[in-house]
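Could you build the full structure based on these sequences and the hints that come with them?
Going line by line, the protein sequences match chains A and B. So in our numbering, spot 449 of the first sequence is number 449, and the numbers just go up one at a time. So in our numbering, spot 84 of the second sequence is number 84, and the numbers just go up one at a time.
Please note: incorrect hints may appear among the correct ones.
Each computed DSSO-like pair below joins lysine-lysine, with the alpha-carbon atoms no more than 30 Å apart [stated by the list, open to error]: (1) Lys341(A) - Lys92(B); (2) Lys6(A) - Lys108(A); (3) Lys92(B) - Lys16(A); (4) Lys285(A) - Lys256(A); (5) Lys90(A) - Lys47(A); (6) Lys108(A) - Lys47(A).
What follows is a list of derived Cβ distance ranges for each label pair [said to hold, decoys possible]: (7) Asp65(B) - Thr143(A): 47 to 57 Å; (8) Asp243(A) - Asn71(B): 48 to 58 Å; (9) His54(B) - Gly443(A): 55 to 65 Å; (10) Gly32(A) - Asp45(B): 51 to 61 Å; (11) Glu84(B) - Gln477(A): 33 to 43 Å; (12) Leu37(B) - Gly294(A): 39 to 49 Å; (13) Asp277(A) - Leu62(B): 44 to 54 Å; (14) Gly294(A) - Glu23(B): 26 to 36 Å; (15) Leu49(A) - Arg10(B): 36 to 46 Å.
These are calculated hints, taken from the structure and not from any lab test. Using N, Cα and C, we set each Cβ at its ideal position, and we do this for glycine too.
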Amino acid sequence: MTHTLKSLSTLLAEGKASSVELCQDYLDRIEGLNPTLNAFITVDRDKTLAEARAADALRASGNAGPLTGVPVAHKDIFCAEGWLTTCGSKMLSNFVSPYDAHVIQQFKTAGMPCLGKTNMDEFAMGSSNETSFYGPVKNPWDTARVPGGSSGGSAACVAARLAPAATGTDTGGSIRQPAALCGITGLKPTYGVVSRYGMIAFASSLDQGGPMARSAEDCALLLNVMAGFDGRDSTSLQREKEDYTRDLNQPLAGLKIGLPREFFGEGLTGDTARAVDEAIAQYRKLGAKTVEVGLPNSRLSVAAYYVLAPAEASSNLSRFDGVRYGYRTPEYTDLLDMYEKTRAEGFGSEVKRRILIGTYVLSHGYYDAYYIQAQKLRRLIANDFAEAFRRCDVILGPTAPTTAFRLGEKADDPVQMYLSDIYTIAVNLAGLPGMSLPCGFDGQGLPIGLQLIGNYFGEARMLNVAHQYQLTTDWHQRAPSLGG
Amino acid sequence: MSLSIEDVRRIARLARIRVTDAEAAQTQHQLNGIFGLIEEMQGVDTRGIEPMAHAQDLSQRLRPDVVSEPNRREAFQAIAPQTENGLYLVPKVIE
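Right under this line is the structure:
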């Protein structure tokens, strides 16, 4: 189970394995290890194998695409017709989606079977996967630790080789931070590249789906499947179809890497600082030049984010009212009582906290002081990046301030939890593409993530920068020893 | 700035979320911690800065005024908590 998407695709093309066989192998591995890791909320062998048989038939008919038959796991935020789609919440614990998200349709068109729906923080609100109604995911490198979040199930299942790749979503770091904590590669595209249709909304101006896999090359292949214009998402961008693998093999000589001084300050210590420094040295060996850049307003990104994201969430989550779908409280006296009990019982405490923050900052008398001020800071943060990209091609820094923390360590301290996304949030506010790739281990054997940030639509270049590093290092090939 | 217990109850009512007395006290404590983080914003001089609502400067796309989706009322209502004759049932609103 050490295959990359490319090697699986070759096996299938050469007839050395069928999609049904591959899916069976992965499903067996999931069956063995999921009770320990809790990376999946839903696994449905019959459904997966039916999709695998269809993929094999597509190949037999001579109509296979490059990844036809290769299975992937999907974050349980993506609506998939006929699959339970919970978004990690009790509120949707009975929601069998009647339709497919655009991303799911793209994978179906490519003939890639779904291995199951992965666990996540409730409504993608969390950085440790501990807010899931379905219990926390365990980090495959140390099951006493968190996998990060919110796409923690996707990160853990790829790290543990329960799936060759998975989808994730990233509103403030939810692809990159768990990728870092689980030692895999994950990419958040430029806002608007991947359709949000059927991706359950958290903060609509920030949410973006993206690939999580074992290498930059695999992320490029997956992004080729996921990206594309979709008229049903009003913010989907109408652009020429890109091949995200096209620049993978470009040499890095002459590349200018920006190092934001704010990312290398007092907050960055110990093994993470050392591993990032070693990665910079490796890039210099590959011919890249480094230049110091400034992102002076990035220190305000967490504050601005915790106004804007909850504001958008409070509006988006008002749809969960127990009327049209999802959970409804069993006993109520009138309509208001039904709404209030349904939402009190259906949402977990972190989701409720964020709805309340959002309701407050949007309420009469506070709108200008909080919401408008946060939007102004968002502009300043985006301007900093624009200024930095005048002087460099890609920005590099840590993905997360620490490696995986212990389960329960920050669960009762929202502010400490929020600060785990201190290096990732600014990227969402600006709408830029970013990724995380493994760059070493700490003294306890836990993976460390390196973050790359590209300019708007700079995914192919960023993937090139990541791929060249992965050709000359083997951090991304390390796997946790879980047996099986 | 600091939220009172009454503020917490007021926004919970606006958000249609029932809170018990114990929850309100705990929520007040946690929200005040979070607002402590958020207050950092207030010291920044943002006069003359245009608020940024969105990552891309987009205008709304228009599409031709034609039917694009089929009627799937039955599939959509099959997952509703309570329906009757194609209608969603809720407790009586007007006596």
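Okay, the hints, checked on the actual structure:
1. Lys341(A) - Lys92(B): Holds: Lys341(A) and Lys92(B) sit about 17 Å apart, inside 30 Å.
2. Lys6(A) - Lys108(A): 18 Å, holds
3. Lys92(B) - Lys16(A): 63 Å, violated
4. Lys285(A) - Lys256(A): 13 Å, holds
5. Lys90(A) - Lys47(A): This hinted pair holds, its Cα atoms lying about 23 Å apart.
6. Lys108(A) - Lys47(A): At roughly 13 Å apart (the allowed maximum being 30 Å), Lys47(A) and Lys108(A) satisfy the hint.
7. Asp65(B) - Thr143(A): 47 to 57 Å: The hinted range 47 to 57 Å holds for Asp65(B) and Thr143(A), with Cβ atoms some 55 Å apart.
8. Asp243(A) - Asn71(B): 48 to 58 Å: The hint (48 to 58 Å, Cβ to Cβ) is violated, given that Asp243(A) and Asn71(B) are roughly 38 Å apart.
9. His54(B) - Gly443(A): 55 to 65 Å: For His54(B) and Gly443(A) the Cβ distance comes to about 43 Å; the hint is violated.
10. Gly32(A) - Asp45(B): 51 to 61 Å: 58 Å, holds
11. Glu84(B) - Gln477(A): 33 to 43 Å: 58 Å, violated
12. Leu37(B) - Gly294(A): 39 to 49 Å: 23 Å, violated
13. Asp277(A) - Leu62(B): 44 to 54 Å: 51 Å, holds
14. Gly294(A) - Glu23(B): 26 to 36 Å: 43 Å, violated
15. Leu49(A) - Arg10(B): 36 to 46 Å: At roughly 53 Å between Cβ atoms, Arg10(B) and Leu49(A) fall outside 36 to 46 Å, so the hint is violated.
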